[in-house]
Every structure is written in structure tokens, then in C-alpha cells.
Amino acid sequence: MSMISFFTDTSVTLGTKLLEVVYIIIGLLAIYTGIKNAIDKENTSRIPTCIFWVTLGVLISFGRFINAFEHGSVISGIMIFIMVIPAMLKKVKPGKVELPTAEQRERLRKKNGMKVFIPALSIGICAIIFATLTDLGALVGVAVGVLFGIVFLMIMSKENTPKVFLTDTERLLSTVGPLSILPMLLAALGAVFTKAGVGEVIALYVQSIIPEGNLTIGIIVYCLGMVFFTMIMGNAFAAITVMTVGIGGPFVLSLGADPTVVGMLALTTGFCGTLLTPMAANFNVVPVAMLDMKNRFGVIKNQMFVAIFMIMFQIAYMLLCS
Amino acid sequence: MIKLLGILIIILGFTFKLDSILIIMLSAIVTAIVGGLTPTDLLSTLGENFVNNRSMAIFILIMLVTGTLERNGLKETAAKLIGKIKNPTSGKVIAAYGLMRGVFGAFNVNFGGVAGFVRPIIMPMATGAIEASGKEPNEEHVEEIKGMASAMENIAWFFCQVLFIGGSGGLLIQSTLASLGYEVELADLAKVAIPTAIVAVVVGMVYFIQKDKSLSKKFYKQAATKTQGQEDKVENK
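Residue numbers (my numbering), protein chains in the order written: chain R, 1 to 322; chain W, 1 to 237.
There's no promise every hint is true.
As the list claims (entries may be wrong) - Quick list of the computed label-pair ranges, beta carbon to beta carbon:
hint : chain 1 : residue 1 : chain 2 : residue 2 : range
1    : R       : Glu106    : W       : Gly134    : 27 to 35 angstroms
2    : W       : Pro39     : R       : Lys301    : 42 to 50 angstroms
3    : W       : Lys84     : R       : Ile118    : 51 to 59 angstroms
In short, the hints are calculated from the structure, not lab data. All values reported here derive from a predicted model rather than from experimental measurement. The beta-carbon is built from N, C-alpha and C at its ideal position, and this holds for glycine as well.
Turn these sequences into a full structure, and let the hints guide you.
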């Protein structure tokens, strides 16, 4: 369906159309980040950075319409490869960063006071309202919350001009960098696993170890597997794609367990693994350096009690509620 | 067995800290080859699913507000809020931060993590609380406070971020389940996470307050009895 016929088609729901508008805006923000870095003389890697963000932006803004063409998804696939090359070569870099000054922050704090929490909380509240009370969907709610937050901030202080919002978004996006698209790539990888039949193979092996048809054992193995895999990989998001295809699907969900409960708790049980492993360097090792601690395991040591408690709590929760 | 090569690449790749994006792409290519997918199949599967999961890019839109919030003194105001706790001890400061981090984390609001908030704001408050009670902060105690504050940060953020409807955790679960043929709603996923978030944050808070109490007793034995006496007096009034 072309862009014009999509937006004029009455059989497409309003929520879907609005969400598409949201994606177009998100994509444009990514494209802006690319262009800004391309003309930023302080960026040491201008063109590769630009290629990454602009390709990402085009995929987000127009992916739906590109995929609607014959072989369109092949074109999208090629674009993904083009996008990740500069990222894999570590050539996607932030340029000039204009941090808000301490003086401005303190001055605006005095002026705004606790009111600054209103735009901060508006996004989550709008997401809840839209998810529960409308059929437009949570993500449209997020977008409305963002809009509300922007308007509120602009009214709160004249210093918050549209340019400031754009600059700050670009600054944050450039700082988080290409790793921020990891969840999207992992989701796509999960689809490749499924298509190639990886799940069936794992299931075949696991079958020889754990008895099929026993939900209790299936849940325990799935949860502990999430903890263990996350500890090895240092990333619960990566672990859940692998574990769910291999164990969660065939040994838990296929026995009729509630997918909402199982899916969410599998991820948060995986987080317990994150709390226990030095592989999750960002959370457990970087703080040690940042706070100048003597014990390399000083953070993990303090997380062990809560992590182990939560593993048991969540296994029990999953057993009782699924 | 050979079909699992892609998974092995993921495990080894993450374990040996290779570039995450490189690992994922390599795993996708290898899985496609050993799983009998043609290059066109691989490209179209990747292309279709990446685009279908664009919802995970919603974080970019949220940055429109969060970036400017920082400029408007969000961190400084949060520090003021924590500063309001009565009779602060290091444990209480850490617990108060955990509570605030969790509540705001549920709304996808970040105060800057260890680098941006714990180091510049929580640490001085926590050690300041020891000094305010007339004691010289013990080096080992401060080391433990650093560990506890970072741990509280991680615990509160991990278990509360999934409460935000539209967060990447929920979206990834939704798409992973969808690829297996199960449809779930983001709001329902967030509901499941409410008990775990509350339990995790509360257990963390209680644990760190208690741990700090016993550490204080251990490191400031004489001083601790004195304060104890003062507290009793206050209660008697």
C-alpha cells in the first residue's frame, strides 16, 4: 500500500495511522541526527555516522511503505546491512556535545521547582491512559505524552525553544549511539532463528534431558536457563530471544501457560542474572571504576541477596500464576 | 546440531565481548546458511522483522522530552527531594534513592545513573549523613556504601523499567512471543511486572537499611551507643 493510499484508506484504523505518523517523526529525528553529524566539523567520523543514522531514519519513517513494494523487504534487509557496517567498524561517533551548563540547570531549577516532574511523568501517564481507555494503543499515548511534555516545558520557560528540544534529542541519541538499536536487531535475529528452525533443534535436545509435558519442570528450567544464559552473555535481552525459542516455547508455552506472565517474568528473572555477572560490565563493573572502589565485585556482592531472593520469588510467581 | 551454530556465536560473541552488532549479524548470516535459507530469504526476514519492530525506536521520541528535562533542573530537583528525608543515615539515603529511582523508572525517567547521580549526589549525601551524626566516615563503610548505592540503582532500574508501557523490554517480549504465535498486550505485560517491581525495590530498601545499620554498629561502636541514647531521649519527649 502506498503512503497516500494508506493514509486515506478508511479500513486502516486511526490508531494505526497515528502510529505511522509517530514512526515518521521518529525517523526524521534519526535523519536529523545523521545530517547534524555530517556537517559537524568536530565529529571525527562524519560520513559513517551520517550513513548509520540516516539509514535507520529511513527504515523507521518509511519502512512500512518500502516493504509494501514487491521485494520491498529485501531492500529493507539490504539497508540494514548498509546501516550496520559503520556501526560494526566503530565509526558511528558523537560530534560536538553541548551540555546544559550547571548555571542554567540551577537557575531553571529555582524557577521551575517541583513542576519539572509534571512533564517527566506525563509520558508514562499518557501511555497508561491510552492503553487502557482508548483503542489507539500505548505508543500513541507515549507520543501524546511527549507532545504534552514539550508544550508544558515551553510554557514553563521561554528558554525551551523548539531548537533546544532538537539539540537535546540529537545530543542524547548521538551519545547512546548505535547500541540503542540492539533490541530491534535481536528481534529480527529471533525471527531468523525461528525461520531456520533453530527452536525445533534445541527442543529436540532438551527433550532428552527434561521430561516433556511437565509444566513445573519446564518453568524451573526456563527460569534458571534465563539466569544462567544472561550471566554468560551479560545481556537478558539477548538471552530471552534464544531461550524462548528453545525452551520457553516448547516446554512452557505449548503446555498452555499464560504467555503474558511467562514472557514478562522470563525477562525479569533474566535481570537477576544480570545482577550476578561481571559480564554485564555497564552495570556491575563500570560503577566500580567510576566510584573508585577497591573490590572489583563490590557491586555484585551487594546484589546477590536480592537477586537470589527474586529468582525464587519469580519462579514461585510463574508457577502459581501461569 | 549444526543449526545451533548461530546460537553458539551469540553466546561466545557476548562472552568474549565482541561488538554486539557484529555478533548479531554474523549469527543471522550463519544461521541462514546452516538453516538452508537463501540470501533473499535472510534479507527479507531481517527487513520485514526490523521494520515490524520499529516500535522499539519509541525511545528516540521520548528523548525529545528527557534531554530538555535535564536542562530544566530535573536532577537538582530530585536531589532536593531526597534531601527532605528526616534523620538521614547512609542506608536511608540509599533506600530513598531506590524508591525514587523505581517510581520514576516506571515512567521512563532517568536521573543519570551511577555517573550522573550516584557519584555526584547520592555519595556525598550518604557520607554527609555519617558526618552529620558526629562520626568520621570509616573507609570500609564508605566502600560498602558505594556498592550498596550502585546495587540499589541497578535493582530499582531493572525491575521498574518494565512497568513503563512502551519500554523496550515489553516490546521485545511482545515480538519474541509473536514470532512463536502468541499475541500479548503491552499493558498486560506491565501489569504482570507490578508485584515483582514492588517486591524487588522493597526487599532492596529493607536489606540496605539493615545492612547499613549493622555496618554502622560494627564501625562506630562507641559512637553508635551514644546516638542510640539520643534517639531514646527524643522518643521520650
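We went through each hint and held it up to the structure:
At roughly 30 angstroms, the beta carbons of Glu106/R and Gly134/W sit within the given window of 27 to 35 angstroms. A hinted range of 42 to 50 angstroms holds for the C-beta pair Pro39/W and Lys301/R, which are about 48 angstroms apart. Hint check: Lys84/W to Ile118/R, Cβ distance near 19 angstroms, so the stated range 51 to 59 angstroms is violated.
Of the numbered hints listed earlier, the single one contradicted by the structure is hint 3.
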